[in-house]
Every structure is written in structure tokens, then in C-alpha cells.
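Each chain is listed here by its residues.
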Amino acid sequence: MRTALALLLLATPAAAQDRVLTIYAEDYVASEWGPGPAIKSGFEAFCDCELRFVTGDILPRLLMEGEGTEADVVFGLNTDVLARARASGLFAPHGQDTSDMSLPIEWTDEIFLPYNWGETAFVYDETRLDNPPASFDELLDADVRIVIQDPRSSISGLALLLWVKQVYGDEAPEAWAKLAPKVLTVTRGWSESYGMFTSGEADMVLSYTTSPAYHIAAEDDLTKKAAIFPEGHYFMTEVAAQLAGTDQPELAQQFMDWILTPEFQAEIPLANWSLPAKLPEADWPEVMRDLPRPEVTLFYSEDEAEALRQPALDEWLRAFN
Amino acid sequence: MAARLQLGHLVAAFLAAGILGTLAAVAWFAGGLGGLTEWDWRAVRFTLWQAALSATLSALLAVPVARALARRRFRGRGLLVTLLGAPFILPVIVAIMGLIAIFGRNGALNEGLRALGLPEIGIYGWQGVILAHVFFNLPLSVRLILQGWQAIPAERFRLAASLGFAPRDIARHLERPMLREVLPGVWLAVFLVCLTSFTVALALGGGPRATTVELAIYQAFRFDFDLGRAATLGLVQIALCIGALLAARWIAVPAGFGAGMDTAHAPPAPAGWRRWADVVVITAAAAFLLLPLSAVIASGLPRIAQLPAEVWDAAWRSVIMAVISALLSMAACLALALTVARSGARWVETAGMAPLIASPLVLGTGLFILLRGIASPQQMALPVTVAINAAMALPFGLRALIPAARTLQADYGRLAASLDLRGWARLRHLTLPRLARPLGFAGGLAAALAMGDLGVITLFATDQPTLPLKLYQLMNSYRMADAAAASVLLMALSFALFWAFDRGGRLEPDP
Chain S
1 MRTALALLLL
11 ATPAAAQDRV
21 LTIYAEDYVA
31 SEWGPGPAIK
41 SGFEAFCDCE
51 LRFVTGDILP
61 RLLMEGEGTE
71 ADVVFGLNTD
81 VLARARASGL
91 FAPHGQDTSD
101 MSLPIEWTDE
111 IFLPYNWGET
121 AFVYDETRLD
131 NPPASFDELL
141 DADVRIVIQD
151 PRSSISGLAL
161 LLWVKQVYGD
171 EAPEAWAKLA
181 PKVLTVTRGW
191 SESYGMFTSG
201 EADMVLSYTT
211 SPAYHIAAED
221 DLTKKAAIFP
231 EGHYFMTEVA
241 AQLAGTDQPE
251 LAQQFMDWIL
261 TPEFQAEIPL
271 ANWSLPAKLP
281 EADWPEVMRD
291 LPRPEVTLFY
301 SEDEAEALRQ
311 PALDEWLRAF
321 N
Chain L
1 MAARLQLGHL
11 VAAFLAAGIL
21 GTLAAVAWFA
31 GGLGGLTEWD
41 WRAVRFTLWQ
51 AALSATLSAL
61 LAVPVARALA
71 RRRFRGRGLL
81 VTLLGAPFIL
91 PVIVAIMGLI
101 AIFGRNGALN
111 EGLRALGLPE
121 IGIYGWQGVI
131 LAHVFFNLPL
141 SVRLILQGWQ
151 AIPAERFRLA
161 ASLGFAPRDI
171 ARHLERPMLR
181 EVLPGVWLAV
191 FLVCLTSFTV
201 ALALGGGPRA
211 TTVELAIYQA
221 FRFDFDLGRA
231 ATLGLVQIAL
241 CIGALLAARW
251 IAVPAGFGAG
261 MDTAHAPPAP
271 AGWRRWADVV
281 VITAAAAFLL
291 LPLSAVIASG
301 LPRIAQLPAE
311 VWDAAWRSVI
321 MAVISALLSM
331 AACLALALTV
341 ARSGARWVET
351 AGMAPLIASP
361 LVLGTGLFIL
371 LRGIASPQQM
381 ALPVTVAINA
391 AMALPFGLRA
401 LIPAARTLQA
411 DYGRLAASLD
421 LRGWARLRHL
431 TLPRLARPLG
441 FAGGLAAALA
451 MGDLGVITLF
461 ATDQPTLPLK
471 LYQLMNSYRM
481 ADAAAASVLL
491 MALSFALFWA
501 FDRGGRLEPD
511 P
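Top line first, the protein sequences correspond to chains S and L. If you read the first sequence in the working numbering, its first letter stands for residue 1, the second for the next number, and so on. If you read the second sequence in the working numbering, its first letter stands for residue 1, the second for the next number, and so on.
Some hints here could point you the wrong way.
As the list claims (entries may be wrong) - Label pairs and their in silico Cβ distance ranges:
1. S:Lys178 to L:Leu113: 25 to 31 Å
2. L:Trp316 to S:Thr297: 32 to 38 Å
3. L:Leu118 to S:Glu106: 54 to 60 Å
4. S:Ala307 to L:Trp49: 53 to 59 Å
5. S:Asp143 to L:Arg42: 27 to 33 Å
6. L:Ile121 to S:Pro230: 36 to 42 Å
7. S:Glu138 to L:Leu109: 29 to 35 Å
Please keep in mind that the hints were generated in silico from the structure rather than gathered at the bench. Just so it is clear, the structure is predicted and the values come from calculations on it, not from any experiment. For every residue, glycine included, the Cβ atom is placed at its ideal position computed from N, Cα and C.
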């Protein structure tokens, strides 16, 4: 038993190099099915360093570690937590030109740098749903069973809250009252919902406009579609930032400089199943180019979203209680 | 004897300090406890209500199943008893998918009802939460009650037969006193499991009405980063558990059957309608517990050979960690149970149940705050997971071991003392052979639970993922079919570990 324990401890790899860039990343990033492996090998090819991913609940951990954190860069923060992350004062400017991004909104943030984006959407299987709703209004009156994520435990769930708020404004409570009976259930995270959808339990699932791309590219399955609503879809992006107190400022800056390059951005679509933050549409994989795109993109600024979060959550809770 | 007394006390003190210390660390970091919202109090009410109902149903339904299994002998009975334990050790997400495959909108049950032209049943809502909790906890309840039946000495049943007892008289004089002793502990264990439920309650509860305290803690921690409120909620959860603990102790009364020569014989098996009733009960329980499992296996098995190497690496790592956890847990469990049996120290028993009442999130966060000065979180991740999993399994192991240890003490304590049998010799010749069964069961549970646990380690973060973590990574990358295959692998490994430990405990003791 002691030998086995020692083995476990020894198995923790020692740093191969003196120059190590430590990146705190969301769990999915570093798995072999995420963009992590390509990012690691791509960066190590020219940085003369080792890139180390540390995955988990990155923001809570960072807030607890404070100035003493060993992170040099964080990768994978969602827009909903940026206000709190910014307030910590732990981050340094990224130093990139964000004037010609391939985002549907203008990005002027000097701290947080988007590396991907997408929009929330309800995804359905056309073999199971004959008349998919063609607008948010139609969804409210449609005879469908949907699964969504809880805004208290999931980022996409929170995005739905803000989406409804932006489409319906003061009438959001009425919209939720109409939507609530169609909600089969509310899950903790995206994966439980999506599993319920693919197993045929729900007609529609709260997901992303880019979700069908996975089914087309990896499974040759053309039946999964995102319902595009003329009212607009809510914008979501994931960002990276460097720590002000990093002990590898040069490497951290080098990494930030690399994020918006075509080499990095080309990895995003098929590893992350989202759209690249800065890449001409002509260079996107065909499967992403061919996806139907919403005409209207909805987005709340960081301060607006932070101010709306609690009232919108209360409205949501009341609609279901 | 004095030395071992101290060991049990030490383990208990360590557990109590761990649970309360981590909570204190979180509160200290937050600069005090935070206030609760109206929604938090609703979550407290729902949590209490669903946990009480789930526990009551699980315990009551388990009685006829355990009785039928205790008094009937048929081919494959041993295998069935082991198989029926499987749902308890399933990873939550896997169990949800299995339940939906049977009870969901397009599940087998509703397909059947539709074919017969009958109205469909809806799983989503409080009934789904209760159904899932009974699915998870009926197996544990059956096993614990079955052990209660097996602990009634065969001599008592023979005496009952010679006195011409009808089944009703046996129930009154033998079975009911046994149940009075065992059931409160069973109820308590299930109640505590359901109290910290989160993912299940939400997924099958149909919406935020099914919010539990654990979800409120998650929200406070992850979305609001309000650690003060998280600590308050953790405290509320502990208060609820201690209340339940006191209630269960107040109800439980020791049966006091006295010593017997052997307990391996089956209780009398009445013929007539009772025989058919037992057949129906066993069949129904087997169908309820095993059909969802079969659905999971059917969906995942075909792809299991194609799983990438990383999944197998993670599986191997998880197995090693689970075995170490189980051995640790068995040692701690034995020390605690012997101390409880000899000294009757109530606080030791309470401390043994404590890991169940701690919110995993508060525990993980507290440990992170306490340990970060000592070693890097990266290095701590796996050892901390092993230790926490060992502790998390204690309450279940103790439920099986404490009654057995009490009986051992009552029946053999004086004899052992008069022979001056102590220390290692007593452990080897008396304690271990007599407690092998519940101890093997405790080890099996610990190994299986450790195998399926996603861990409190998300904060510690590691580049050495366990199998459950891989399962989530697969799902998060849209690879639902591979995730189903990984679920089957996880289930098979959990079950194999449980079987190996449990079987080890059932080998014949030294003559």
C-alpha cells in the first residue's frame, strides 16, 4: 500500500525545464479532446519552455490564492465572471489590437482577450421535431419539451437568463411563465442536458449555434440543427488573461501574443467546437462556414450583466416556483 | 485494549476536526458567516422533505426484499444479492441516464404504456427525485437489513419452531425487535445521503423547485464567491444531520438476542401465499434495480474496445486509488466500530457519521485553504482524494460494522477478557474472523464509492485525471457514445472491486 502511494506521488511529473509557463484552464481545455494538446505542442515548438496546464475551478482557486498564485496565465474564463475577476486586480493588460476581430460585437477590453465565441441556441433533431419553432415567440407557444441548464450552476444557463431578459425586457417574467411548462427539466451542467437530448428524451436542448458542427464533422450526422431566431441570439465568449504578478512575464506575454495568430485560431473550431475570435471566415473549416448564422447578436456589457444577474435570477426562480 | 480504545478515539477526533476545521477555515477566509436568502430557506425545506421521504420509502421497501432474500434459497441467490448492490455504487450521471432509459418520456415503461393505450407516467418532478433516491439507496438498505436478519442466531429460529411459532409470532418476537434495532440506522444513512444530493435532485426534479442545500452551496461558492454564505449553509446542513442522528438514536433499541453457535442458516421459509409473495417481491426489486443498469450496459458496451488509451490510463489510476482508499477506510472503520462497541462513546459514532454530513464543496474548499501553505495543490490532489474517499465511505461501513461489533462485544467480550485475550491475538483469532463479513462489505463499498467519486478535488486540480473525470471530459466534448462506454467500464470496475472485497469477507473464517 505504501509503495502504491509512493508511486502515485512519484507519478507527478517534475518540471522538465526551468522555464515553465503555468496556465490555469477550464477542465475541458486540457483533455485530449479539447484544444489543449495542440496549444501545448504549438507553443512549446517556439517558446523554449514547458507549458503546464492546471485544470479545475479556476476563478475560485485564483481568488483564494490571490497574489501568491502560481498561475502565469488563465485560459477559459467566461464573460459572466469577468466583473469579479477584474475586481480582484490580479490581471495585467493583454497588449493586443482587438479592433479587427471576427466577433459580432466590438471588443475593447484591455485585460481579457477572447479566443473563441459562439451564441446560445436551442438545438433539435429534425427527424424528431417536424415543426421547429422559427422564433423565440413561436418557442413560447410551441408544443415541445426542452431541457435547459440551471443559471446558478452553469454558464450557458446564465446566458439563457440574459438572452430572455434582452429579448423580452420587462416582460421576461411572462415569457418565463410560458416557457416553464415546456421545460422538461433543468440540469446542473451542459453535459447532462445534452446527454438527455441525444438519448431522445427531450425535443430541444439549450446549447450553441455551433453544436451541429460536431455531429456533422465527427459523426456524419446532418439531422441536428440549431433553431435560428430573428429576435437574436446571446453572445458567449471565453477569454484568456495574464497575471500581473507572474514570475514569467516574458513567456506570459509571448503566449498572449500568440493567441490571435492564425496558427492558434485555426485550432479552435474543431477542437473547441466554437468559432475563432480572429480568423477570416474564408479560413474557417467548411462545416463552420456552412452553419446557419443568426442575423442579430445580443450581448450585455459586463456591468449591465452583473447588475441584471440577481433580479433576472429571482424572476426565473419565481416562474418555476 | 486501552491502546485500541485510543485508536478509535483518535480516528474520531481526526474526523471531527477535519469536518469542523474545514468549515471554520472557509468561514475564517470569508471573514465570518453570511446571511441566507429566502431561496436558501426554500432549499432547506425541500432538502429536508425529500430526504425524509426518500429515507422512509427506501427503508420500508427494503424490509420485504431483505426478508424474502433472507429466508429463501435459490440458484444464483448469492449473485443476485451482490448484483442488487450495484445501483448504490453507480456514478450519479450514469444512474440518471439508466433511469431515464426506463422511466423517461421515451423510456421502456412509457413505450409499454403507450402500446397498451394507457396514460404515460412523468418522471420529472419530486417523484423523479424520490424514485432516483430509492433506486440509489434501496440496495444499501436491503444489504444492511439482510445482515440484521443473518445476525439473528439460528438457535432462536429453532427455538421458535419447537414452540410452534407461526410466521406472525416470529415476526413479533424475533423480526420486529431486530428491525427496531437496525431500521433507524438504515433510515439515517439514507437520509444523510439524500441530504447532500445535488445533481440527481436537479436533473430529475424538473426545475428549481427541487433545489437542495448543496446546490445553494455550489451557487454561493462558484457563482457568487460568497464563502460566508457557503459556510452558513454548510453549518445548516450539519445541524440538520445532527438532528436526524439524535432522532435515529432515540428510536433505536438494541434487540439483545444473545450469542449463538452459528448464524449461517436461513430463517424458516413459510410456504403457501408467503412463498409467492416473496417471489413477487424479489422479482420486482430485481427488475427495478437491474433494468436501468442493463440499459446503461446496452448503450455503452459496443464501443468499449474503442476507448482511447487515456481512458484506460485513468481507469488504472482510479483502481489503485480506490484500493488504497478501501484499505484505509477498513482500518478506520474497524477502529471506530470496536471503540463504539466497547466504550459506547456516542461522540465517536457521531464523528464516524460526520463525513456524510459535510458538504463536499465546503470540505474541499476548507482543505484547500488549510493545506495550501504546506504543499502545492498539484501534489496534494491524489493523496487528498484518497483520504477523503476513505472518510466518505466510513458512515456506510460503520452501519454494517457497529451492530456486528456490538454483538461481538456482548457475546464474547467477557469470555475474551477472562481468557486475557488481547491485542494482536484477539484481533486475529476473535475480532477479524467474526467481523470479516461486514468488514469486507465496508471495504467493497469504500472501493466502489471511491471509484465513482468525481472528487472534491476540482480546486486542487491535477494533470492526472481519474476515470469519472474522463467521463465528464468525454461528455463535455460531445462524445456521448464514448462517455456511455466509459460509464460501462466505470461500472464494471466499481462492481469488480466491490465484489472482490465483499467476497473476501465472506470466505469461511479459520476453524
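Hint check:
1. Against the hinted window of 25 to 31 Å, the Cβ-Cβ separation of S:Lys178 and L:Leu113 comes to about 28 Å, which satisfies the hint.
2. As the Cβ distance of L:Trp316 to S:Thr297 is approximately 46 Å, the hint placing it in 32 to 38 Å is violated.
3. Between L:Leu118 and S:Glu106 the beta carbon distance is about 57 Å. The supplied range of 54 to 60 Å therefore holds.
4. Between S:Ala307 and L:Trp49 the CB atoms are about 34 Å apart, so this pair departs from the stated range of 53 to 59 Å.
5. Range check, S:Asp143 to L:Arg42: Cβ separation about 30 Å, and the 27 to 33 Å hint holds.
6. Between L:Ile121 and S:Pro230, the C-beta spacing of about 38 Å keeps the proposed range 36 to 42 Å intact.
7. The beta-carbon spacing between S:Glu138 and L:Leu109, approximately 32 Å, falls within the hinted interval of 29 to 35 Å.
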